[in-house]
Amino acid sequence: MSPALRSIAALAVGQAISVFARFMTAPRAIWQGIEPVPKQRVYFANHSSNGDFVLIWTVLPAAMRRQTRPVAALDYWLTSPLRAFIGRAVFNAVLIDRRPENRAEDPVAQMAAALDAGSSLILFPEGQRNSAEAPLLPFKSGLYHLASARPSVDLVPVWIANLNKVMPKGEIIPVPLICTLTFGTPMHLAPGEDKPAFLGRAAATLLALRPKAQE
Amino acid sequence: MTSPHLLWLLSGIGGILILASIIGEILRLRLSPSGENPVVENLNARITAWWVMVILLAIAFVAGKAGVVLLFALASFAALREFLTLTTHNRADHWSLVACFFVVLPLQYIFVLTDLYGMYAVFIPVYVFLLLPVLSALRGDTRDFLVRVSETQWALMICVYCVSHVPALLYLRIPGFEGRTVMLIAYLIFVVQLSDVMQYVWGKLLGRTPIAPSLSPSKTWEGFILGALTAVAVGTSLWWMTPFSMLQAAAMCLLLTMMGFFGGLVMSAIKRDRGVKDWGHLIAGHGGFIDRLDSVIFAAPIFFHVTRYFWSLT
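Here the protein sequences line up with chains A and B, keeping their order. Per my numbering, the very first residue in the first sequence carries number 1; after that it's consecutive. Per my numbering, the very first residue in the second sequence carries number 1; after that it's consecutive.
Below, a sample of chain A positions facing chain B; criterion: calculated Cβ distance under 7 Å:
#1 ARG28
#2 PRO168
#3 GLU171
#4 ILE173
#5 PRO176
#6 ILE178
I should point out that these hints are in silico values taken from the structure, not numbers from a laboratory. Remember, predicted model here, so these are calculated numbers, not experimental data. For every residue, glycine included, the Cβ atom is placed at its ideal position computed from N, Cα and C.
Using the sequences and the hints given, assemble the complete structure.
As structure tokens, then:
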């Protein structure tokens, strides 16, 4: 495929995925203590479904969408040509390898490079999809390392509600239900804050955005 | 499918909406130049919602029977999505919920489209009622079982069964009213929505005594009585567009406004129970589909059956 054709196809597929996500979930963004303005940010969210970053991407205003790249697992997204096309061409994902023994590049350095190039990021600090009873899995250390590498960037918590019911892990056909995405006040690494304290605070900030009815 | 009466009614509604938009804009400039008056903002949001509703209906009427059926099938889809978001279900119900959206809903509207009264009248209350819980039971999770299957059935009755009776009006065969059944839909929606609006307006102007304060503080006796009377008066004056005599039209309008009021009351009770203010947010910040349609949902099946029983040949 020629590059021009490829980028047109990527645009069309991105729009189609977005329209489908809207049809199935009528997603609603609640901006709580933060505004949807084009500013560089790292959005970090709970992870229960492969549709998570699609929903965040869908509810962002178009100008911000182009600037925002999901951080995704290379060991998942490069396993088939279709996934590779969606991951790379459509969503321009920062693909990181979750398997330390196979890594060619340091994931934190990859994310920092994307930030230095002016992009915003979507990050799932749990590192894998959560299908347990607990609302959040313990965070991996990537968010902390990124926060200490680029301390001035706003870290924005995003709670995605209901998507796990739309498509529970292991089901093939999604059921249409309304999802809400709550964007919270940005946080930063505090001076002298160590890794467990920061990750604990980030998880608590994210959990605090859960809609009341779900508790 | 257009008849001169429909064009008159639609132009009349268009005129009312233009007037409402002008009044809304004047109120906005006077009282809420930067969006600080919630009542004025809410009024303008409602006017916009009515414009969308009227334009969509007009397009569907022009597109014919299939267009109207499709429009209400989509309305059912949006309503069901809102309703099932608030009901109790767990992973064991996944296949029942998928069946609600992708089997039950399309089949119900295919039965309406193909005029199979014997099917669309009993499909959800009999066949789905008995068979859908089986899908959930087979998964073996019995926790809250009765609550889960009852709430799913309720969602289907309200959002699919009741809503599908609006396009079903097109298929009634009323002697002397051939080719004009689209007027029944326009009349139903016009009278019920007018009653809603006038109850809201009179309630804002003169409302003192709440009807059910724990349910909905904005519903007052003054608003309800004056609003319903206004809708009955206007609806009766349009009797010549309907298959009804003037007296019959008055009785029908009374029935419609009562059912519409009951719909608002029952759906408010469900919202209260679930701790939400609105069913959804289809129109950003101004409520969902069911919030705008609750009264029509309750009025439609009764209007259909009364009209069918007393006036239709089928």
